[in-house]
Every structure is written in structure tokens, then in C-alpha cells.
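Number of protein chains: 2
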Amino acid sequence: MSVLVVGSTALDSIKTPLANHPRLLGGSASYAAVAASFFAPVKMVGVVGKDFPQPHIRLYKKHKIDLEGLQIVAGKTFHWSGEYEINMNNRRTLETELGVFETFSPRLPISYQQCPFVLLANIAPALQHHVLDQMRRPKFVVADTMDLWLNIAMPDLLKLLKRVDGFVLNESEARQLTEEHNLILAAKKIHQLGPKFVIVKKGEHGAILSARNKLFLAPAFPLDNVVDPTGAGDCFVGGMMGYLQSARGPVEANLRRAILYGSVLASFCCEGFGLSALTRVTPAAIARRFKLLETLTRY
Amino acid sequence: MSVLVVGSTALDSIKTPLANHPRLLGGSASYAAVAASFFAPVKMVGVVGKDFPQPHIRLYKKHKIDLEGLQIVAGKTFHWSGEYEINMNNRRTLETELGVFETFSPRLPISYQQCPFVLLANIAPALQHHVLDQMRRPKFVVADTMDLWLNIAMPDLLKLLKRVDGFVLNESEARQLTEEHNLILAAKKIHQLGPKFVIVKKGEHGAILSARNKLFLAPAFPLDNVVDPTGAGDCFVGGMMGYLQSARGPVEANLRRAILYGSVLASFCCEGFGLSALTRVTPAAIARRFKLLETLTRY
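Protein sequences appear in the order of chains B and Z. First residue of the first sequence: 37, per my numbering; consecutive thereafter. First residue of the second sequence: 37, per my numbering; consecutive thereafter.
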């Protein structure tokens, strides 16, 4: 069985203090799908324009990602450009060209509709709804988001929260959504909006899982060379969902380990521009880093 | 055997968005000594003025803190006042009156000079040196600091770093000291300045221990009601040193658990103004929270 991943499929132009890389493969679905692919088969939903470079398609195929749900239509691929500050945490968007995403309406192939694990990676909540509408009784649905949707699509997002099992967001989004600075209280408030599992991403500080009044404090894998953090959050949730699909037993019993695998995938992502480091990862390297994470937290 | 604690002994006037508490017992030595006292006997070095309220002395005595090294001299006790923003993380100093600290010269009683564990809590590096000069072959010396000393006493601080086993500082201080944003790299640079053990405090995000090229990622105990974070960092290092004094075996084998005990003590500290919550803690409550921290990180 496969993980279904919907999200953005994009060309990213990324500037850091050290380098400038135009038109890399990017988008939340690309990162999440590749990260998930190390654990389980992935079916991707998205849209690109006719300008989408063939090497990017080949990268998806290298990871055996099912592209039946990837529409290739006339027009330009979604393009995002951003610039990181010297600390590699703060970034600003320089330009966003929606291109073919402006008129995108996801249509799920029949084979997609039975996927047990559904990852609604970061994209407009209306599109996340639209995908969910087409699914037949999925086992576990997780949504990710970004500050943009809190600003311009809050009603859609609030409706979505009533339909998902898990919700993933970063610290500042959690604070913005709940108007609560304390993250433990913020997570409690988010539960009241619907999701049984709330995962707050804290970047280099790890993540907090809140579930049934129990917390799990997950570390981030420590890195001394962050090349490009773009997509790390998408890899986190992609790795998490891929692991959940691959693991036996109830989701709740596997979720803590899944989050740590998510941290590991996110760490690889940060070590290269775009998907360049992630795509070179091996299952053995993932296993080593997971084990290392254990030695970094054991006492 | 006792832990020796030197640091500031102060009256703190603390404003938060919810309350205003003038002239509470404060100072790095007060917090650290009380935190350490739950694990081991403590000998405190400091100075207060004749205006120092008797109830504060009684609080030290309640915790069996040896006060032979606490000078009570003519003049005013060091007074700090500060105000917290609504997020309870950012604070600004409203006023600092050094009082009797302006002319303080620590003199260690003979009984103090044999202490195996020495905590140079946050105070001017010159005073930390002065205390260390009087010690006879201590087993383990840890220094804490604050941004002020990075700004006005860097030469003294750099000399101190060559004399201590462990150095504790917070994220922004680590970045300021090393001019390196990445904390893993910053810790590496700090090792080159002398200390074998570098501990970076990250507040609600926990702490990083760097030792012999090995890292330990310590969580913070999650709190949903931070009343007053003043002194939490001092309690962290005080709890850590108290536990180390109480534990058998080599320091390095106990340091990870010691840091977690430090986190636990810091969490209690945040739950009341000044020392009010910390002083009511019981060994059983500490043990419960330590155990709970384990369940929050186990997978």
C-alpha cells in the first residue's frame, strides 16, 4: 500500500549567503514524496507546466513515485524564489508565481483513492479538502500548512482541521493560530479544533507531539553544516508518513519513532540545495542516523 | 562534602504582564544554591547589605545552606529590577544597583576551600577567578555567565575558560562569544577556548551538552504555566552540580542525568515568582518530574 502525497510541485530559486541556485526542483509534495519514498511506495498529486524539466521527472521516477496523479498542463510551473539570511533560519520570499497552480483542480486516479495514509502537504487548504473529498476511508490523514493560509484561508483551514487525524505546523504558526505563546497550551488549543495528534515543528530544536494529553519531546538531528533548509519541514512530515505506512501495528504506537525518522530525513534535506542531498540518501544512512539520534538522547 | 556556590545575592523586583513583585530574594547564587541543596550540602559565597531581610536568611537556612561565606556588610544589597514581555521569554532590565557588590572581595572560609564541586554562578569573571584562586584542587569546576560579561569583561572571561572544566551559557551568549550562529559549531569553538564540557542552555527547548566530540540533547521539562522564568538558568546549573556532588562514579558518567535534574529544577523555578515555587519543592516531586521527563522522551 502507498502513501498519498498532495502538495505543491514547484521550481525554487534559492539564495543563501554562500550560493544562488535557480529553478531547482521544489515544492512541498516533491520534498515530502521523496522523503516518504525511502520507507514506502508513494503516489503523488500535483500539477506542473510544460516547462517542467525532464530531469525533475526522472528524479521522481528514481524514487519510484507514482506520477499518475501529476498533471502536466499548458502553462508555467509554480515558481518560488527566496533568500536566506546568514543565520539560515530567517528567510524572505522574493517572488511567487503561481503559474498552473492558479487553476489546479486535483483529480485522483482510482488507484490513489484507496491509500491508507494521506499526507496533505503544504498547499491551499481548499485543495487539501478537494483531495480528501476523493479518498475512500483513509486510515490516517495528516495535514501540514504554512503561515500564508493562516493569513488568507483561515475558514478553509479550520474546516480542514475537523477532518484530519494529525496536524503539523511550526512554532510561529502554532502561536499565530491560537494566539497563545506557550506551545504546550497552543497544542491543547489546537486539539480543540479537531486533530487528535498535534505536531509542532521547532526546526533545530526538534518537535513536540501532543496526543491524548501526552507529550513527546523529539530532538532534531544536530547539524553543523546547514546548506539549505528549504523543504526540511516537508521532509520531516514525509519521512514520518512513510515510516508510518511501513510500520506494523497501530499508528499511535509507531508515531514517536515516525517523528524521529522525520527528523532524520529533515536533517539530510538541509545538507544540500533543494533535493540534492536527500536524493542521494541510502536506507543504511537513515538507519545510522536514527541510531545516532538514540545515542544523543540516551542517559 | 559540599558544593561551593559563588554568585550574586540580590533583591529582585520583577514585573510580568500579570504581576509586580518588589524586592524578592534573588541572585544567581541564591537560585543555584537552593536548587543544589535538594541533592547535597551547599556552601555559599556572596555579599549582602544590612538591609537584607531576615526572612531571606531564613530561607537559606531552611535549605541548610552554609552561610559562613556570606558577608553581611554596611550598605545596600545588590538590587535588580526587570520586566518580562507577554511571551515571558524576552525581558528588559529596568534598573541595576550594585550596592555592596561594588566593593565585594570574596574571602573563602577554610572549610570552603576543600569543596570538590565548585559552581561559579553568574557574576563578574574577576570574582569567579578570585574564588577559584582560593580553592584547593577542586574535582570539577563549572562557570556560568551572562551577556553583560561578554560585553564588558571578555579578557577576564577568556582567562577563566582556561581554568574551568565546564562552561554553561545560553544560546545567544554562545553565538555572541563565537560569532557563529550554528550552535554545534559554536560549542566546538568554545571547547577550543578551554572547557572540556560545554553546555548551551536553550530555555524551553532544553540544552545541548558537548563533550569530547559527543553531544547530548537534553529536553526541557514542558510547562504550560510559566509564572516567572527569573533564575531558571541558575537553578539548572545548581541542580546539575548538586546532583553531580550526590552521585557516585565519574562526573562524565553522571553528567547527562545531572543535566536532566537541572532541567527539572529549572522547571519548578519557573512556576512561581522568585524562589517561591522552588523552595516548596520536595525530593519526591523532583523524582516524579525526572521520571516523567523520561516518559516524554522514550520511544
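In case anyone wonders, no lab produced these hints; they're calculated from the structure. Check each hint, because a few of them may be wrong.
It does not matter which identical chain is meant; a pair holds if it fits inside one copy or across any two.
[Unchecked claim] When the alpha-carbon atoms are kept at most 35 angstroms apart in a straight line, the in silico DSBU-like pairs for lysine-lysine are as follows:
#, residue 1, residue 2
1, 198, 51
2, 195, 225
3, 51, 250
4, 100, 51
5, 195, 327
6, 327, 175
7, 327, 238
8, 225, 86
9, 175, 51
10, 112, 250
11, 97, 224
12, 225, 100
13, 250, 86
14, 225, 327
15, 238, 225
16, 86, 224
List, from low to high, the hint numbers that the structure doesn't satisfy.
When the structure is compared with the hints, numbers 1, 5, 8, 9, 10, 11, 12, 13, 16 turn out to be violated.
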